[in-house]
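So the chains spell out like this:
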Amino acid sequence: MRLSELLALIACLALPAGAEDLTVVSWGGAYETAQREAVIAPFEARSGTQVTITTYDGTWSALAERGKAEGWDVVDMLHDQARAACARGLLLELRPDALFTSEELADFTPIKPGRCAVPQNAYARVMAYDDRAFPGRKPTRIGDFFDTARFPGPRALQRSPDGILEWALLAEGVPPEQVYGLLSTDRGLKLAFRRLEEIRDDIVWYQAPGEAAEMLADGRAVMAAGYNGRFFDRAQRAGAPIDIVWDGRIIGIEVWAIPASTDAPEAARAFLAHAASPQSMAGLAMRIPYGPTRHSAFDRIGLNPDTGAPMRAYLPNAPQHGGRSLVQDSRWYANTEALRTRRFRTWLGAKD
Amino acid sequence: MRMAILTGVALVVGSAASLAAIAFIELVSALNTALLIAPRARVQWESLPGLVAVSTVLVPTLGGLIVGLVHRHLSPAKRPLGPPDVVEAVQFHKPLPDLRSGLVSTVTAALSLGAGASVGQYGPMVYLGALLGNIAHRLRLGVPHLASIAVACGVAAAISTAFNAPIAGVLFAHEVVLRHYATRAFAPVTVASVTGYVIANVVFQRPALFRIEFAGVEHGYEFALVALLGLLVSLAAIGFMRLLLALGPRLTASIKWPALRTAAAGLTVGLTALALPDVLGIGTSTLRFATIDGAFGLGELVVLIVAKIGLTALCIGAGFSGGAFSPSLLVGSLIGVLFWTLVSGVAGIPSSGAAIFAISGMMAFASAVIGAPLTCILIVFELTRNYDVTIAAMVAVVFSNLLSHRVFGRSLFDVQLARRGIDFSLGRDHAHLAVLKVADYIAPGSVTAKAGETARDVAKRLSEQGWREAFVTGADGQLLGVFTPGSVPADSLVDTRLEPAKLVFHDDTDLAEAMDRLRGFVGDAVPIVSRETGRYLGAVSEADLVSAWLDEASRLRREENASV
Chain R
1 MRLSELLALI ACLALPAGAE DLTVVSWGGA YETAQREAVI APFEARSGTQ
51 VTITTYDGTW SALAERGKAE GWDVVDMLHD QARAACARGL LLELRPDALF
101 TSEELADFTP IKPGRCAVPQ NAYARVMAYD DRAFPGRKPT RIGDFFDTAR
151 FPGPRALQRS PDGILEWALL AEGVPPEQVY GLLSTDRGLK LAFRRLEEIR
201 DDIVWYQAPG EAAEMLADGR AVMAAGYNGR FFDRAQRAGA PIDIVWDGRI
251 IGIEVWAIPA STDAPEAARA FLAHAASPQS MAGLAMRIPY GPTRHSAFDR
301 IGLNPDTGAP MRAYLPNAPQ HGGRSLVQDS RWYANTEALR TRRFRTWLGA
351 KD
Chain V
353 MRMAILTGVA LVVGSAASLA AIAFIELVSA LNTALLIAPR ARVQWESLPG
403 LVAVSTVLVP TLGGLIVGLV HRHLSPAKRP LGPPDVVEAV QFHKPLPDLR
453 SGLVSTVTAA LSLGAGASVG QYGPMVYLGA LLGNIAHRLR LGVPHLASIA
503 VACGVAAAIS TAFNAPIAGV LFAHEVVLRH YATRAFAPVT VASVTGYVIA
553 NVVFQRPALF RIEFAGVEHG YEFALVALLG LLVSLAAIGF MRLLLALGPR
603 LTASIKWPAL RTAAAGLTVG LTALALPDVL GIGTSTLRFA TIDGAFGLGE
653 LVVLIVAKIG LTALCIGAGF SGGAFSPSLL VGSLIGVLFW TLVSGVAGIP
703 SSGAAIFAIS GMMAFASAVI GAPLTCILIV FELTRNYDVT IAAMVAVVFS
753 NLLSHRVFGR SLFDVQLARR GIDFSLGRDH AHLAVLKVAD YIAPGSVTAK
803 AGETARDVAK RLSEQGWREA FVTGADGQLL GVFTPGSVPA DSLVDTRLEP
853 AKLVFHDDTD LAEAMDRLRG FVGDAVPIVS RETGRYLGAV SEADLVSAWL
903 DEASRLRREE NASV
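If you read the protein sequences in the order shown, they are chains R and V.
Take the first sequence: its position 97, counted from the start at 1, is 97 in my numbering, and no numbers get skipped.
Every number in my numbering is 352 more than the matching position in the second sequence, counting from 1.
Rather than coming from a laboratory, the hints here were simulated on the basis of the structure.
Nothing here was measured: the structure is a model prediction, and the numbers come from that model.
You may find that some hints are simply not true.
[To be verified] Keeping only pairs whose Cα atoms sit at most 20 Å apart, straight-line, the calculated DMTMM-like set for lysine to aspartate or glutamate is:
id, chain 1, residue 1, chain 2, residue 2
1, R, Lys-190, V, Asp-645
2, R, Lys-190, V, Glu-398
3, R, Lys-190, V, Glu-652
[Unchecked claim] To list a few chain R residues with every Cβ distance to chain V over 12 Å, as calculated:
id, residue
4, Gly-58
5, Thr-140
6, Tyr-333
Here a beta-carbon is modelled for each residue, glycine too, at the ideal position from N, C-alpha and C.
Please put together the full structure from these sequences, using the hints given.
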């Protein structure tokens with residue numbers, strides 16, 4: 001963090017106010033590597049713009065603190081965080097109809113470019129299991145996560161109410177379109193925690209998102225809730241026997257946004273238009289299984305350049321996955337965080 | 353040619369009604385979110401409980417006030433319109449009440465539902481569909497009864513869109529609105545219904561209203577339980593309908609200013625919702641909870657059922673615009689869950705879960721209220737696409753209908769219509785005959801004599817007109833009796849020896865009653881007397897009445913058996 005700040009500072013000082021320079025802010029790790037190869041390098045080659053990549057923790061507060069000082073021009077954000085930042089005036093208003101034609105706007109799925117953000121990829125919170133643990137019957141539905149009679153063994157779960165409450169209601173047979181409506185009532189929350197209570201003794205908690213795949217690989221858990229990209233990485237690159245159950249996947253959207261403090265708004269907009277093209281999206285999806293947010297990008301997705309895996313099968317929003325899927329309601333998420341956390345803590349503390 | 357016209361009308365009306373229904377649902381849903389009625393909107397203001405509480409009380413109250421004021425000042429009909437008005441218009445081939453009243457009623461329905469009043473959305477949607485079909489009244493395309501068929505098309509498309517249930521849409525239009533199954537109507541209604549389904553499903557890809565997964569009925573005796581549930585639910589439905597019909601006049605008598613009636617009902621809903629938010633609005637989430645085992649405690653269920661029945665009767669009785677169908681679904685399903693809780697939880701009888709009882713109860717209640725058992729059975733089938741659930745629900749529906757039809761009447765609509773003098777309880781033909789008044793068939797040539805005339809004069813007039821009896825009236829026009837030539841000497845006065853009339857009709861006697869009383873009557877004419885003043889109005893000949901009856905019967909037969 002320190003180093004990147006220093007680098008950004010140097011970059012700012014060395015190339016002051018150059019319209020040809022951009023500071024793009026992302027998350028680091030394998031994700032950033034994939035972005036650099038699929039999106040940023042082609043953009044530099046095509047436009048001649050120098051791009052500097054900085055990382056941050058994904059929160060709108062980090063954008064508020066560091067964005068202006070470090071000269072951020074483009075930020076990779078979660079949709080709910082971008083929404084919060086937009087509401088606080090931290091992001092540039094985009095006028096999507098100036099960036100894209102109406103056919104292009106219609107091509108976006110499941111959400112369209114908004115006031116402050118352009119969707120760039122879809123990730124999913126999914127359930128995965130250790131293939132070795134269930135030699136005969138395999139889990140296929142989200143309800144199986146709560147079924148310790150048919151599928152015994154420890155479940156790895158992030159210590160947070162995110163995702164698990166939705167799953168608990170899906171397991172009760174609630175259709176996806178009603179899940180958030182029901183979770184908005186006291187009765188719905190009670191039912192969700194009742195379901196969670198059934199597996200209380202089988203839960204092993206984890207904190208960092210990467211741990212889920214690790215726990216499956218080293219046998220600390222037989223089922224886990226986590227992000228599809230992490231499970232993919234572990235299974236493909238480390239050869240771990242991890243399978244993903246796509247039923248009940250909760251799809252979240254990652255967006256591109258431009259900080260209001262940018263000094264290169266035109267170059268930033270050019271970057272957004274490029275990054276939101278089907279080619280860029282397909283390129284990213286071939287390197288890391290985060291699905292494109294445009295219909296036309298799906299057909300361009302081929303094999304992973306490193307492992308040779310056909311990537312379409314691993315994307316959270318691939319059209320061929322059956323089962324139920326839920327698109328995370330980012331506004332509801334942002335506004336109910338306090339309530340959900342409070343109820344979750346109460347449940348954690350309650351001893352039956 | 354007629355085929356093309358009927359298909360064209362069906363397509364146009366079906367699309368329009370379907371789009372209007374979707375727009376209506378979206379409008380209500382947007383209002384529910386904006387006015388903090390929907391749980392999903394309320395929870396996002398959870399950090400400000402004061403705001404939520406204040407809006408919970410104020411929104412339905414102000415909504416009621418506005419609905420009342422709008423009805424009073426903008427609607428010529430001065431009341432919400434609904435399915436009974438559609439049935440009346442279609443049955444007697446007359447236009448619906450004026451367009452403006454219809455539109456006002458639709459807007460106030462959206463507002464009532466949007467503000468969380470405990471009313472249903474399907475009645476207004478049916479009316480809106482009918483309103484679009486009603487435009488065909490202006491067309492002169494040479495197809496008999498085209499307007500009625502078009503109205504039925506609108507109704508079918510609205511139901512088909514609302515429930516994603518095209519078959520139920522067709523059946524509802526025939527079972528409740530048209531009450532016959534002529535091909536001339538059946539074909540276009542089916543086209544309109546499918547059009548609605550295509551628009552809702554293929555074009556807009558709207559989710560099914562009520563999806564459910566259900567493994568099947570595990571124990572044979574559950575069908576007996578479901579039949580028992582049907583009977584119990586029917587009792588509740590009868591209570592609900594009686595309460596609804598009784599509350600209206602009571603409220604009118606106790607609160608003079610109409611807008612205050614709806615406001616008071618809204619306030620009651622709001623105050624109840626502070627403790628029991630489930631009573632607000634249509635209750636989609638509550639309906640879903642009913643299918644989840646153990647979502648409600650026993651006490652909660654009883655309180656919720658009583659509150660929902662009371663508040664719905666209050667809201668509709670007070671003049672909120674909206675139907676009784678969706679609250680019926682909710683109350684019925686809650687009674688089903690209550691029954692299940694008692695049977696499986698308290699009595700310990702194993703069962704296949706709450707869902708089957710919830711759905712059976714839901715449809716048993718609703719079919720008793722709208723009087724459409726076939727529609728309700730088909731709605732279950734189309735909503736759940738599950739054969740087992742449908743069979744169980746069918747059992748509940750028929751047992752409920754058996755009891756409610758016997759004790760209350762065929763449906764809430766029919767009883768409401770009967771109170772307006774249109775009685776379908778003995779069938780469609782009887783209702784049609786019952787609106788024809790014998791007074792309209794007074795024979796112009798019937799012979800009347802005044803007391804004091806000589807028998808000769810009167811006999812002469814009788815032979816000129818070809819009648820055998822004259823009706824003799826007194827000084828102030830009252831009927832004195834019947835004079836037959838030959839009964840007295842030709843020189844005496846007609847009123848020396850009068851026979852009393854064997855049969856007397858009144859000005860409000862209808863054809864159905866008249867035909868019934870004509871049984872065993874010998875004579876050629878029946879006098880008609882004003883019920884109020886006792887004055888003689890004229891006479892109808894038996895032959896005229898019989899031909900009127902034959903004409904009407906043949907008209908109905910033609911309508912009911914029309915091919916194209």
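These are the hints, each one checked on the structure:
Restraint check for Lys-190(R) and Asp-645(V): the C-alpha separation of about 13 Å stays at or below 20 Å, so the hint holds. Only pairs whose Cα atoms come within 20 Å are accepted, and Lys-190(R) paired with Glu-398(V) is accepted, the gap being roughly 16 Å. The suggested pairing of Lys-190(R) with Glu-652(V) holds, with an alpha-carbon distance near 14 Å, which does not exceed 20 Å. Listed as a non-interface residue, Gly-58(R) keeps its Cβ farther than 12 Å from every Cβ of chain V; the least gap is roughly 22 Å.
At the 12 Å boundary, the C-beta of Thr-140(R) stays outside the reach of chain V, the nearest C-beta of that chain being 14 Å off. Chain V draws Tyr-333(R) into its interface by the beta-carbon criterion, the shortest separation being 10 Å against a cut-off of 12 Å.
Figure legend: structure checked against the earlier numbered hints; the only hint not met is number 6.
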